[in-house]
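K.L.:
Same order as they appear, the protein sequences are chains A and B. Going by numbering that gives the first Met the number 0, the first residue of the first sequence is number 0, and it counts up by one from there. Going by numbering that gives the first Met the number 0, the first residue of the second sequence is number 0, and it counts up by one from there.
Some hints could be false.
[Stated by the list, open to error] Now the stretches of chain B that chain A is said to cover, found in silico as 3 or more residues with beta-carbon under 8 Å:
1) 88–101
2) 188–200
3) 340–353
[Said to hold, decoys possible] Below, simulated SDA-like cross-link-like pairs (lysine to any residue); rule was C-alpha separation at most 25 Å, straight line:
4) B:319 x A:15
5) B:332 x A:208
6) A:275 x B:404
[Unchecked claim] Label-pair ranges, simulated between beta-carbon atoms:
7) B:194 x A:329: 46 to 56 Å
8) A:28 x B:278: 21 to 31 Å
9) B:194 x A:2: 22 to 32 Å
10) A:47 x B:249: 23 to 33 Å
11) B:298 x A:353: 21 to 31 Å
12) A:28 x B:55: 31 to 41 Å
13) B:249 x A:323: 24 to 34 Å
14) A:107 x B:358: 42 to 52 Å
15) A:107 x B:345: 37 to 47 Å
These aren't lab readings, by the way, just hints derived from the structure by calculation. Cβ coordinates follow ideal geometry from the N, Cα and C atoms, glycine included.
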Amino acid sequence: MAELRAPDECGVPDPAPFMHPTLRKNYGKWVFHSHPKPGVLYHRAESGDEVWTVKFGTARQLDLYTIRLLCDLADKHADGHMRFTARSNVEFMVTTESKIDPLIKDLNSHGFPVGGTANSVSMIAHTQGFLHCDIPGTDASGVVKALMDELHDEFIKCEMPNRVKLSTSCCEINCGGQADIAIIMQHTKPPKINHDLVANVCERPSVVARCPVAAIRPALVNGKPSLEVDEKKCICCGACFPPCPPMQINDPEHSKIAIWVGGKNSNARSKPTFHKLVAAGLPNNAPRWPEVAAVVKNILAVYKADAQPWERMTDWIDRIGWPRFFEKTGLPFTKFHIDDWRGARTTLNASTHIRF
Amino acid sequence: MAKKMHDTPMLDQLESGPWPSFVTGLKREAATKDIMVDLLGQLETSYQTKKGYWKGGTVGVFGYGGGVIPRFTELKDENENPVFPDAAEFHTLRIQPPAGMHYDTATLRKFADIWDKYGSGLIGLHGQSGDIMMQGCSTANVQPAWEEINAMGFDMGGAGPALRTSMSCVGAARCEMSCYDEAKALRTVINANIDDMHRPALPYKFKFKFSGCPNDCVNSIQRSDMATIGTWRDNIQVNEQQARDYMNGHGMDKLVNDVISKCPTRAITLRNKADAVSGDSISTVAVDDQHVMQIENHDCVRCMHCLNVMPGALLPGKDKGVTILVGGKSVLKIGATMGTVVIPFMKMETEEDFEKLNELSRSIIDFFAENALEHERTGEMIDRIGLVNFLEGLDLDIDANMVTHPRANPYVRMDEWDEEVEKVSERKAAA
Ligand code: HEM
Ligand code: HEM
Ligand code: SF4
Ligand code: SF4
Ligand code: SF4
Ligand code: SF4
Numbered sequence: 000m001a002e003l004r005a006p007d008e009c010g011v012p013d014p015a016p017f018m019h020p021t022l023r024k025n026y027g028k029w030v031f032h033s034h035p036k037p038g039v040l041y042h043r044a045e046s047g048d049e050v051w052t053v054k055f056g057t058a059r060q061l062d063l064y065t066i067r068l069l070c071d072l073a074d075k076h077a078d079g080h081m082r083f084t085a086r087s088n089v090e091f092m093v094t095t096e097s098k099i100d101p102l103i104k105d106l107n108s109h110g111f112p113v114g115g116t117a118n119s120v121s122m123i124a125h126t127q128g129f130l131h132c133d134i135p136g137t138d139a140s141g142v143v144k145a146l147m148d149e150l151h152d153e154f155i156k157c158e159m160p161n162r163v164k165l166s167t168s169c170c171e172i173n174c175g176g177q178a179d180i181a182i183i184m185q186h187t188k189p190p191k192i193n194h195d196l197v198a199n200v201c202e203r204p205s206v207v208a209r210c211p212v213a214a215i216r217p218a219l220v221n222g223k224p225s226l227e228v229d230e231k232k233c234i235c236c237g238a239c240f241p242p243c244p245p246m247q248i249n250d251p252e253h254s255k256i257a258i259w260v261g262g263k264n265s266n267a268r269s270k271p272t273f274h275k276l277v278a279a280g281l282p283n284n285a286p287r288w289p290e291v292a293a294v295v296k297n298i299l300a301v302y303k304a305d306a307q308p309w310e311r312m313t314d315w316i317d318r319i320g321w322p323r324f325f326e327k328t329g330l331p332f333t334k335f336h337i338d339d340w341r342g343a344r345t346t347l348n349a350s351t352h353i354r355f
Numbered sequence: 000m001a002k003k004m005h006d007t008p009m010l011d012q013l014e015s016g017p018w019p020s021f022v023t024g025l026k027r028e029a030a031t032k033d034i035m036v037d038l039l040g041q042l043e044t045s046y047q048t049k050k051g052y053w054k055g056g057t058v059g060v061f062g063y064g065g066g067v068i069p070r071f072t073e074l075k076d077e078n079e080n081p082v083f084p085d086a087a088e089f090h091t092l093r094i095q096p097p098a099g100m101h102y103d104t105a106t107l108r109k110f111a112d113i114w115d116k117y118g119s120g121l122i123g124l125h126g127q128s129g130d131i132m133m134q135g136c137s138t139a140n141v142q143p144a145w146e147e148i149n150a151m152g153f154d155m156g157g158a159g160p161a162l163r164t165s166m167s168c169v170g171a172a173r174c175e176m177s178c179y180d181e182a183k184a185l186r187t188v189i190n191a192n193i194d195d196m197h198r199p200a201l202p203y204k205f206k207f208k209f210s211g212c213p214n215d216c217v218n219s220i221q222r223s224d225m226a227t228i229g230t231w232r233d234n235i236q237v238n239e240q241q242a243r244d245y246m247n248g249h250g251m252d253k254l255v256n257d258v259i260s261k262c263p264t265r266a267i268t269l270r271n272k273a274d275a276v277s278g279d280s281i282s283t284v285a286v287d288d289q290h291v292m293q294i295e296n297h298d299c300v301r302c303m304h305c306l307n308v309m310p311g312a313l314l315p316g317k318d319k320g321v322t323i324l325v326g327g328k329s330v331l332k333i334g335a336t337m338g339t340v341v342i343p344f345m346k347m348e349t350e351e352d353f354e355k356l357n358e359l360s361r362s363i364i365d366f367f368a369e370n371a372l373e374h375e376r377t378g379e380m381i382d383r384i385g386l387v388n389f390l391e392g393l394d395l396d397i398d399a400n401m402v403t404h405p406r407a408n409p410y411v412r413m414d415e416w417d418e419e420v421e422k423v424s425e426r427k428a429a430a
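Bound conformation, chain A alone:
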C-alpha cells in the first residue's frame, strides 16, 4: 500500500482561471442586462464591455463524445470557455453580437436546443433514478427526456408569464427540490418486508428511528429477529428503505406519481414557498410517462393563458385562489389535499375569504 498517494486537499478551485476573460475582467462590475431573444442574454459592465450569453439545454448525463463536442464548439465560437447552470444548461459567452447567430445555428445543428432564459420553461432539475440511486421508484433522466421533448417549444420560446422551474424526484425524499411544478414518486402501499434479509443486513434500531410516524416495531418472525410495520399508521413515505433494503417500498404498480405546484425559491414579490399537492395516482408508465406529461402540459397551458406578466405559478394561484386553480385545470380536489401533518392548522382557511 506504500505507493498510494496522499490526497492533496486542495478544496474548491478558484474559478478565475476557468472564467471567460471578459467575465474575469469585469468581475463584480456589471450594471445592466437584457434579454434580446430567447436563449440569449446581454450583459454590460461599468467599463462598457459587453457580453452575450447563449444558453442551451443538454441531457445532463453526458457522454464523452458530447463533452468533447461542447469543447470543440466553445473553442470555435466562445473563446474556449463555458459555464454550467444549476439546472444543467450550458452557457457560452461571446463578445461580439455577430457571433450569436452562427453559434446558435451550429448548436441547433448538433441537436442542442437554445433557450431556457427568462420567462421560459427551463430544464428540469432532476436526480439519479434507476441509473445510479439505490432506492429509486422510477427513473430520472428518462422522465426528464420524455417531458422536455414535450416542452421543447416552451424551452426555446420564452412565452410564459414568468420563468417556470420544474423538478422531478424518483422518491419522496425529493432530491429534485421545490419547483413551480414538481413531479414526485408517491408510494401508496406500506413496505413489504423481506424477513429473511432483515436478520442479516438490518440495523434495526436505526430503521425504527427513521420512521416519521413510529410505525415500525422490532418483532420476532419465524423465530428470527425482524421488524413489523403497523400498516394503519404507515404513511408510505419510504424513509425506512434507505437504511433497510428489506423494507421493499417500491412497487411496479402501487408506486404512483404525484404532481405538486407553486414552489418558489426566489424572494421576488412573495416570500419563498413550498410546492403543494395537486394531483396524484398517475401511473409510473416508462419509458415516456404520457399521463404525467398530459397533466403537466395542461397546468402549464392554463397558467400561460391566465397569469399576469411576472406572476410565478404561486403568485398566480395567490391571486385566483386554490378553488379556481382546481376548477380551471379540471383537477379534482380530494380529501388528500387537506393536510393532516404537523402544522396543518396553519394551512386551513381561518377566515371568510372565499371567492365566488
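Since the structure of chain A is already known, use the hints to place chain B with the ligands on it.
P.N.:
Frame of chain A, contents of chain B with the ligands only:
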C-alpha cells in the same frame, strides 16, 4: 470494440424527439466500453420491471472517508452471479467544480480523457448538490482515476454525514444584482472546513449555499443548512436614462401593472413631478417628463422584483452585505423546512468580513455536531430545541427580523423579563 449490445426496446424509445437523448449518449460509450453495454442492460431491466438494482457498500480513496458513492448490482441470477457482470460495480466519484461552474475546454477535455481511461464515459454535469459526477467506475479504478483528477487541482466532494459540496450563483462574474463575492465566500467557508467533508463525522449532512442577491438562484433558503444571500441596507440606486428607456419600450400601463402594483410592500409610488416627496430614505427616478417613481426604502423588503423588471434602471444600493438564514432542508424526516434569518445583515467586503463569515460557519457546524441527534438536520434540531436556544448557543443577538410576527400564545415562562429588557437596552446603548 466492446461486446455485443443487449436489446433495449424501452430505452430505444427515448432516442427520438427534439431534446438531447442521454440514451444516445450511453450507446455511444457502449460502442467501446463493456461497462456501458452492461449498464444499458441493467437500465433496460429497470425500465421493464420498474425496480432499481443498486446497493451501496464501502469504497473510497486513500486518505478520505467519503466522496465516492459505491454502487454494486443486485441483479443476480439463480447462482448469485451478476446478470450484467461488466457493470456489477458502477461507482461515482463526486468532484467539486470551480465555484460558479466555470470551465475552460482544456479542463473539460482532461476530465473526458481520464474518464475514457478509467470510467464508463458517463459524466453528470452536475448533481443537485453541485458535484461533477464521474459515474461508472470499477472498485479497482477508483484510486488511480482519483489520483489523476486530484493532480489536476480538483478535490473530492462530500457524501454521507459530512459537509457537502457547495454552490454559488454566477453572481459577480456576470450579474449586476450581485451584492458580494459569492465565489470567495464559498471558497473561504468550504476550504477552511474541508476536513469535515473528507472525514464524515457529523450527525448528518451539512450544506452551505451562496446567492448574490435575494433572487437566490441557487435555492439556498430551501436547499441549504446555512444560506448566505446578498442584500443591501441603503437606498436602491437609480439610473434615469435606463428608466426612461424602460418607459419608452413598455409604456405607463406596464410600469403600473408589472412594477408598481407588484411590489409586495407597496413601497413604490408614482407621482407627478410637482408632488414628489423628499427624504433620506427615498429613491427617486424620472420615468418621463411628467412622472417620477419613488421608492420608500424603509418599506422595501429587498425582494428584487422591481430591479428584475427594470434592469439597470434600479440597482442594489451601495452599502452591501449578506443575510444569513439557517435550517433549510428537504423532506426527511419532519417535512421540508426553509432556512430562517439568524443574521439580518453583515458586511462582506474586507478580509475580516470573510473571516467573520468563516468563524460563524465554524461555530454553526460545531454547534450542530454537538447538539444534533443522529440523522437530524440543522433545521430539525432547531425545531426541537427552539431558535432561541440555538441563538444563545452561538451568542447571536436576538432581532425582530427573525420572525414573521411575535409569539401568539402565552405558553412561556417570562420571569426573566426585566433582565432580558436590560440586555436589549445595553445592546442598543453599545451600538
Ligand atoms: C372552579 C373552577 C373553574 C371554573 C368555574 C372555570 C371556568 C371557566 C370558564 C367559564 C371558562 C371559559 C369557557 C369559555 O367560554 O370559553 C374557562 C376557560 C378555561 N379554563 Fe377554567 N375554570 C375553572 C378552573 C380551571 C382550572 C383549574 C384550569 C387549569 C388548570 C382552567 C383552565 C381553563 C382554560 C385553559 C380555559 C380556556 C379554554 C379555552 O380557551 O377554550 N380552569 N374556565
Ligand atoms: C389527575 C388529574 C389530571 C391529569 C392526569 C390531567 C392531565 C391532563 C393532560 C394530559 C392534559 C393535556 C395537556 C396537553 O394539552 O398537552 C390536560 C389538559 C387540561 N387539563 Fe388536566 N389533568 C388532570 C386534572 C385536571 C383538573 C383537575 C383540571 C381542572 C380543574 C384540568 C384541566 C385541564 C385543562 C383546562 C386542560 C387543557 C385542555 C386544553 O387543551 O385546552 N385537569 N390535563
Ligand atoms: S429522489 Fe430519491 S430515488 Fe431519486 S435520486 Fe433522490 S434519493 Fe434517489
Ligand atoms: S414507509 Fe415511512 S411510514 Fe411506513 S414504515 Fe416506512 S418509514 Fe414508517
Ligand atoms: S442570485 Fe442574484 S446575484 Fe446571483 S445570479 Fe441570481 S440574480 Fe444574480
Ligand atoms: S425590491 Fe423593494 S421596492 Fe422593489 S418591488 Fe421589491 S420590495 Fe418593492
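K.L.:
Determine for every hint whether it applies to the structure shown.
P.N.:
These are the hints, each one checked on the structure:
Residues of the stretch 88–101 of chain B with a Cβ under 8 Å from some Cβ of chain A number 9, which satisfies the need for three, so the listed coverage holds. Residues of the stretch 188–200 of chain B with a Cβ under 8 Å from some Cβ of chain A number 5, which satisfies the need for three, so the listed coverage holds. Note: the stretch 340–353 of chain B has 0 residues with beta-carbon separation from chain A under 8 Å; the three-residue rule is not met and the coverage is violated. With a CA separation close to 22 Å, the supplied pair residue 319 of chain B and residue 15 of chain A stays within the 25 Å bound.
The straight-line distance between the Cα atoms of residue 332 of chain B and residue 208 of chain A is roughly 10 Å, inside the 25 Å bound, and the hint therefore holds. For the given pair, residue 275 of chain A sits about 23 Å from residue 404 of chain B by alpha-carbon distance, which is consistent with the 25 Å threshold. Separated by about 55 Å at the C-beta atoms, residue 194 of chain B and residue 329 of chain A satisfy the suggested range of 46 to 56 Å. At roughly 30 Å, the beta carbons of residue 28 of chain A and residue 278 of chain B sit within the given window of 21 to 31 Å.
In this structure the hint that residue 194 of chain B and residue 2 of chain A lie 22 to 32 Å apart at CB holds, the actual value being about 24 Å. Between residue 47 of chain A and residue 249 of chain B the CB atoms are about 25 Å apart, so this pair conforms to the stated range of 23 to 33 Å. Between residue 298 of chain B and residue 353 of chain A the CB atoms are about 30 Å apart, so this pair conforms to the stated range of 21 to 31 Å. Under the hint 31 to 41 Å, the C-beta atoms of residue 28 of chain A and residue 55 of chain B, about 46 Å apart, miss the expected range.
Taken as a hint, the range 24 to 34 Å holds for the pair residue 249 of chain B and residue 323 of chain A, whose Cβ atoms sit roughly 28 Å apart. Residue 107 of chain A and residue 358 of chain B have their C-beta atoms about 50 Å apart, which keeps the hinted 42 to 52 Å range intact. Between residue 107 of chain A and residue 345 of chain B the C-beta distance comes to about 46 Å, which sits within the given range of 37 to 47 Å.
Violated hints, listed in ascending order, are 3, 12; each of the other numbered hints is respected by the structure.
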